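Construct all of the structure, not just a fragment, from the sequences and the given hints.
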Amino acid sequence: LIYFILLLYAWFSHAAIWTRSSTRIIFAYLLVNIFVTSIFFIEHFFLSKRYLIALSLILMLWVPFALDKLLTRTTAHIYYRRAYYLIIFLIFVSSLDGIFEFGYSKLYIRQAGDWLEKNVSHQSSLYVNNFQLMYYSQHFGSDIFKKIPIYRNINIIADQKWKQYDYVALRIDKKNEPNIANIMQSITIKPVQQFQNKRGDQVVIFKVPHEERRS
157 LIYFILLLYA WFSHAAIWTR SSTRIIFAYL LVNIFVTSIF FIEHFFLSKR
207 YLIALSLILM LWVPFALDKL LTRTTAHIYY RRAYYLIIFL IFVSSLDGIF
257 EFGYSKLYIR QAGDWLEKNV SHQSSLYVNN FQLMYYSQHF GSDIFKKIPI
307 YRNINIIADQ KWKQYDYVAL RIDKKNEPNI ANIMQSITIK PVQQFQNKRG
357 DQVVIFKVPH EERRS
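Positions 157 to 371 (our numbering) are the ones given, in order, by the sequence shown.
Treat the hints with care, as some may be off.
[What the hints assert, rightly or not] Here are the simulated lysine to any residue pairs, SDA-like style, with alpha carbons at most 20 Å apart:
#  : residue 1 : residue 2
1  : Lys331    : Ser261
2  : Lys346    : Val360
3  : Lys346    : Asp322
4  : Lys330    : Lys303
5  : Lys346    : Lys331
6  : Lys225    : Ala239
7  : Lys302    : Lys225
8  : Lys354    : Gln267
9  : Lys262    : Lys346
10 : Lys205    : Phe221
11 : Lys330    : Ser261
12 : Lys331    : Lys302
13 : Lys303    : Ala314
14 : Lys225    : Ile209
15 : Lys330    : Lys302
The hints are simulated quantities; they were obtained by calculation from the structure and are not laboratory data. Given the structure is predicted, the values throughout are model-derived calculations rather than measurements.
If you want it as structure tokens, here you go:
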């Protein structure tokens, strides 16, 4: 957020002065990056960090100019001085967040997807309630776009309908936990694998035994 504020300040205060050729190059790069990122999002329904990092780095070019302009104004008014010191402090805190993990990791989704890719054959039927998990499982191929709007509705496996699948993989977090609670109670088999982060968000994977299966 602090970098976004500095970016807006640099834009509206015209803190950065580029030559015409430099401006063309920068904005051409931005447009290409936004276009590629948009195409990836349309195809996969989530954003990849490798594209966002490239976009963030080019936008960060304006941040030093914003800081420099604020610094020159610190002698003019005490409010600018306070704002400058506050921003420096927030940047420092933000840097620490990059070193130490203050947020909650989503690595467990990738790990669960990798497990599904290795252990669930393409001949097996699989239900997944999360599009990222569907993508990482590499199970659905081009059908993923048809399955996403259907599989998002957790109720399609209610009333014992989970038994029609060979595998059921459920992503459970604080937002959807109440909706999945009844489903979890109806699944009487033990999970074959679980992945979770420190907050308790998790992916629970069930393998439905043949004797439990129903079409």
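The hints, checked one at a time:
no. : hint               : in the structure
1   : Lys331 with Ser261 : holds (16 Å)
2   : Lys346 with Val360 : holds (10 Å)
3   : Lys346 with Asp322 : holds (14 Å)
4   : Lys330 with Lys303 : violated (24 Å)
5   : Lys346 with Lys331 : violated (23 Å)
6   : Lys225 with Ala239 : holds (12 Å)
7   : Lys302 with Lys225 : violated (51 Å)
8   : Lys354 with Gln267 : holds (14 Å)
9   : Lys262 with Lys346 : violated (23 Å)
10  : Lys205 with Phe221 : violated (25 Å)
11  : Lys330 with Ser261 : holds (14 Å)
12  : Lys331 with Lys302 : violated (24 Å)
13  : Lys303 with Ala314 : holds (17 Å)
14  : Lys225 with Ile209 : violated (25 Å)
15  : Lys330 with Lys302 : violated (27 Å)
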